[in-house]
Amino acid sequence: MAEEHALAHPTPRQYVQIAVLLAILTAIEVALYYLEQGVEAFTTSIAAPLLILLAVMKFVIVVGWFMHLRYEKSLVSKFFTTGFVAAMVLYVAVLFALGAVVLL
Amino acid sequence: MADIAHADGHHDVHESTGIDNRKLGMWVFLSSEFMFFGALISNYMLFKGRDYSAFVPAGQSVILPRELYDIPFTSVSSFVLLMSSLTMVLAHDALVSGDQNRTRIWLAATGLLGSVFIGGQVFEFTEFVQQGMTLSTNPAASAFFVLTGFHGAHVFLGILMLLSLYGISRRQGGLTESQGLNVELVGLYWHFVDIIWIVIFTIVYLIP
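Chains as they are written, first to last, in this note's numbering: chain A, 1 to 104; chain B, 1001 to 1208.
Quick caveat, the hints were computed from the structure, so don't treat them as lab data. In this text, a Cβ means the ideal position worked out from N, Cα and C, and glycines have one as well. Any given hint might turn out to be false.
[What the hints assert, rightly or not] Computed cross-link-like contacts, DMTMM-like style, restricted to lysine to aspartate or glutamate with a CA-CA straight-line distance of at most 25 Å:
hint, chain 1, residue 1, chain 2, residue 2
1, B, Lys1023, B, Glu1177
2, B, Lys1048, A, Glu40
3, A, Lys73, B, Glu1033
[Unchecked claim] Take a look, some chain B residues computed to stay more than 12 Å from chain A by CB distance:
hint, residue
4, Pro1057
5, Val1062
6, Gln1100
7, Gln1121
8, Phe1125
9, Glu1127
10, Val1129
11, Gln1130
12, Gly1149
13, Ile1159
Next comes chain B alone, as it looks inside the complex (with noise of 0.2 Å):
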């Protein structure tokens, strides 16, 4: 499969850019996707400092989202899925490097990295919804369920993208050129998700 990459792990194209249009086109949606997470963010933002004693009976204390956290527990998460970004990049290095074995390896141990991440994130809104604070408690824990929740979904269409990927390159004994292409741009697709939750974990958890 030494007909996978160059070795500087860019591919023949001759579209007038230079670059593939697969691979720009995932970079244009990827841009796009800053508007949908900031929608999110700064939803979570306007509503998370305010006053919702109206929504709770006398005599009960409102729950917010912050009261809630369990940093130490959503620190470990953010390790995993940083983690994970290591394991994505190492993938791609090893399909240009020809090893499809390795690059299998890798892939799966994504994936495996992402289904931490994703069963945490279960566990923590398991726990949230036990304690009392669901996605219509008030607009707070609302919005950061919306916003959590989607990153969610993302990382597990992201499982499901790495999972076939290995799937195919097991079944063919190897992944094709362009085949190749499609791990750079779930690895892409897999980066954008991390660096969407580092401003998660900073700006909804741990800044108060």
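Okay, chain A solo, but in the shape it has when bound (with noise of 0.2 Å):
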């Protein structure tokens, strides 16, 4: 079990990087909702998933880097992806079920 403690952790010069690239990406999705408020050709179905690719990145930055999951034993992250998963399966199904979510 020792490489999974192989990876060193972030020095607080590089929690700064990752923190300003935190904020540069919720930059970016606030800039996105403007286009599609502002833009015509600019359409929800283009912006819906380019927002949720970014929530996404910075869901795994902060998981990854500042929760440190990735320096954790392999078991740590069965558990919490397990839990994530699970409910992401549900809720979509639920709501895919129920008709509010379609595809775009």
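Take the two lone chains, each set in its own frame, and fit them into one complex as the hints suggest.
Here it is in structure tokens:
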């Protein structure tokens, strides 16, 4: 199991760089929102997948680097990922079944 | 306080899993929280786009949450919460380095940023109520207040835990090894609250 701890944690400087990246991604999200509102050609079907992609990137960065999941033993990842995937599968299925989500 | 933790941020553990039970318990708890917030987010998505004209007297317009959102304001709130994740991880890093002073400073900064976020949410709720949208206006409004309200309650609980750690550290002049693990656990909780807001900000506020 030693190889699971081989990665060194980021330094404070690297944490700041990660936070700057998160701030930039948030700024892009807000810019996309205004593009969707103001530019006719930039429809929701274009903006929504991009916004979801950016949210997933931010999610992965915070979980991986700030919560140190990428440095933890695989058991921790399995527990955490199982809960996330189970919730996603359950609620996406429910939303599809009830018609709250339609394919873009 | 050099005995607080090893340089890689991990503590000696004797459990068969190789992971401290308290830490594993926190990860399992956070994993279960996906179900909780998933239900509230799904609830909002189910009700946000429906026709509520039957809920208002004839001639009056339906008030939906998305018509009242102040995106620039919420963007700043989101930024503040993201930066609180940075200060939280810096608190943990300072603790691992054995720097108790810096740990306290970053813990206090995290609590302060969390308080700013909560203040923003209280302001937002007040504005919405003044504009006529309350918990009982229609199911979409109800779903919005329940979702963001529960998230706010989680942030508030996190602030209380941060203040407790700060107070203990100040009173004792530092945190012991066991209390040091608590910083890591509170940090996990705090980052989790942040990732839930990342999802809420996108799904509730930004996607029409």
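Now the hints, each set against the structure:
{"no.": "1", "hint": "B:Lys1023 x B:Glu1177", "verdict": "holds (14 Å)"}
{"no.": "2", "hint": "B:Lys1048 x A:Glu40", "verdict": "holds (23 Å)"}
{"no.": "3", "hint": "A:Lys73 x B:Glu1033", "verdict": "holds (21 Å)"}
{"no.": "4", "hint": "Pro1057", "verdict": "holds (27 Å)"}
{"no.": "5", "hint": "Val1062", "verdict": "holds (18 Å)"}
{"no.": "6", "hint": "Gln1100", "verdict": "holds (16 Å)"}
{"no.": "7", "hint": "Gln1121", "verdict": "holds (17 Å)"}
{"no.": "8", "hint": "Phe1125", "verdict": "holds (21 Å)"}
{"no.": "9", "hint": "Glu1127", "verdict": "holds (19 Å)"}
{"no.": "10", "hint": "Val1129", "verdict": "holds (24 Å)"}
{"no.": "11", "hint": "Gln1130", "verdict": "holds (24 Å)"}
{"no.": "12", "hint": "Gly1149", "verdict": "holds (19 Å)"}
{"no.": "13", "hint": "Ile1159", "verdict": "holds (18 Å)"}
In this structure, every one of the numbered hints holds.
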